[in-house]
Amino acid sequence: MRRGCKRCNTEDHLPLENSPCCGLASTGPSWCSTAWKAYVTPSKKGLDNVISEVVQLDGVLKAYSSSGYTFTAIQGGDDRGSAIIVTGNPATGSPVRPRRAFEITIIGPHKKKHLWTVHGQLTLAALQEEINRHFPDAVSADYTLTWETSNDIVDDFEGTVSQWGEQNKITVELKLKLLSKGFSDFTRADGLEYLGFSRSYEINEAAETEFTAEELADDAAVNGQTSTFGSLLQHFAEDLCLRRSALGCPETKPSEQTRREIISPVFVLAVLLMTGMRLVAEARVQGSLGNGPLDYAVIWEAFKVLISECKKERLEDGEGQALAQTAAAREEYVRKRVKGIKRKRSEIDKDLPVPSTTILSTGTTYIFYRYHPAAGEAQPRRLVKSKEYTLDLIGPTSPETIKPQLKVLVCAIVASLRFEKENIEAALASKKLKLMD
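Just so we're aligned: 373 in this note's numbering is position 373 of the sequence shown, and the numbers increase by one with no gaps anywhere.
Hint data in this document are derived by calculation from the structure and do not stem from the laboratory. Computed from a prediction, not measured in an experiment: that's the story for all the values here. There could be a bad hint or two in this list.
[Unchecked claim] Calculated lysine-lysine pairs in the DSS-like style (CA-CA distance at most 25 Å, straight line):
# : residue 1 : residue 2
1 : K112      : K421
2 : K350      : K385
3 : K336      : K177
4 : K432      : K339
5 : K432      : K421
[To be verified] Computed spacing ranges between beta-carbons, pair by pair:
#  : residue 1 : residue 2 : range
6  : E301      : D219      : 42 to 52 Å
7  : V338      : L247      : 36 to 46 Å
8  : A217      : V268      : 15 to 25 Å
9  : V338      : D155      : 18 to 28 Å
10 : E301      : Q128      : 22 to 32 Å
11 : V154      : G248      : 50 to 60 Å
12 : S200      : A374      : 15 to 25 Å
13 : L242      : D219      : 52 to 62 Å
14 : G120      : R382      : 12 to 22 Å
15 : R278      : T117      : 45 to 55 Å
16 : V338      : T228      : 30 to 40 Å
17 : T390      : E301      : 27 to 37 Å
18 : E251      : T228      : 13 to 23 Å
19 : L247      : L428      : 33 to 43 Å
Ideal placement from N, C-alpha and C gives every residue a C-beta, glycine not left out.
Model the full structure from these sequences, guided by the hints.
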């Protein structure tokens, strides 16, 4: 007859001495200690020492069998094992302690509740993994996790758990608060801080060499098109004038949606001039502190090489939103394409050592913002902005009036797109930027 455990089918796992396993050995392999759980109950004859919890018999049976106890199986066993009557003398010392059980209720946004039960050791890593699994926004967003009136327990996890007591079953409630908010809720100071600057950082207008214009001749062929740059320029100038006639003056319209109808032809033309790039409206971004849609994003190789935000008020009032979008887009790219996990904001520049360009527009006025990441102590991060670019759409206009203004603006956008693309290619070639497979 083969000896061993019929539960785990392991030859080395022999039945315990003086245990109910031995009573089953005559009919075949028995269950080893690691395969047994049992209800340990008192004998009706009375004992000096009684154990009533559900325990793992591995170690417990050994401790008692070596100290004068005997074990008798009674009928009515199930998958956890049979009920056990313990007889004999009390063991010397304490038996092996049952594993602690934690019943943790996590209360998240909108009062969503999730009950998580843990047997044995509770770790911060396991708790964070459970939060990410059941509260998906926590994968990207920073959050606080509090117990009763405590501060964020992540800061002192072991200390907090020790306050929960030593009982075998611990029941607690934890409150999960996501710190990420909508981009429109960011002030200028908030946006600066999100990018890593002081809240009072001064954004200076850059030198002319920072924001250059692409040199494009009217007869230049357009990639993938049968048209020339000049013919496309004429077409989009006419389109803008028609939109202005149908929609009215962008500066007097309270709706950002109306302004986007004036802005979109500008970006469509710029993207047509760049191979491999595409324009996406309402692309949603999830960052550690900010989230929401981008009015427009120009994407190349999954990287948002340019972000545009449409504002119906003064452009300066939209700076906080635009800067937060820049920070969140950089975080998201690192999380999805570079590291595969959420990174600390202080580490984003190291993982993504390329600039980011964002444009604010009212439909008639455009300002470029460019974030340069830190490159060691000798080159701290910096943020600059361009001069204003304008399209004269306030009053009735004509394609002949708009076309030269549109050309200057589009050539500036194309130059920024090329600048971003070349920086990404250089970072990849030098291995400063390493993408996941």
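A quick look at each hint next to the structure:
{"no.": "1", "hint": "K112 with K421", "in the structure": "violated, 42 Å"}
{"no.": "2", "hint": "K350 with K385", "in the structure": "holds, 23 Å"}
{"no.": "3", "hint": "K336 with K177", "in the structure": "holds, 23 Å"}
{"no.": "4", "hint": "K432 with K339", "in the structure": "holds, 13 Å"}
{"no.": "5", "hint": "K432 with K421", "in the structure": "holds, 15 Å"}
{"no.": "6", "hint": "E301 with D219: 42 to 52 Å", "in the structure": "violated, 30 Å"}
{"no.": "7", "hint": "V338 with L247: 36 to 46 Å", "in the structure": "holds, 41 Å"}
{"no.": "8", "hint": "A217 with V268: 15 to 25 Å", "in the structure": "holds, 20 Å"}
{"no.": "9", "hint": "V338 with D155: 18 to 28 Å", "in the structure": "holds, 27 Å"}
{"no.": "10", "hint": "E301 with Q128: 22 to 32 Å", "in the structure": "holds, 31 Å"}
{"no.": "11", "hint": "V154 with G248: 50 to 60 Å", "in the structure": "holds, 52 Å"}
{"no.": "12", "hint": "S200 with A374: 15 to 25 Å", "in the structure": "holds, 19 Å"}
{"no.": "13", "hint": "L242 with D219: 52 to 62 Å", "in the structure": "violated, 25 Å"}
{"no.": "14", "hint": "G120 with R382: 12 to 22 Å", "in the structure": "violated, 50 Å"}
{"no.": "15", "hint": "R278 with T117: 45 to 55 Å", "in the structure": "holds, 47 Å"}
{"no.": "16", "hint": "V338 with T228: 30 to 40 Å", "in the structure": "holds, 39 Å"}
{"no.": "17", "hint": "T390 with E301: 27 to 37 Å", "in the structure": "holds, 32 Å"}
{"no.": "18", "hint": "E251 with T228: 13 to 23 Å", "in the structure": "violated, 32 Å"}
{"no.": "19", "hint": "L247 with L428: 33 to 43 Å", "in the structure": "holds, 42 Å"}
Hints 1, 6, 13, 14, 18, counting from the list given before, are not met by this structure.
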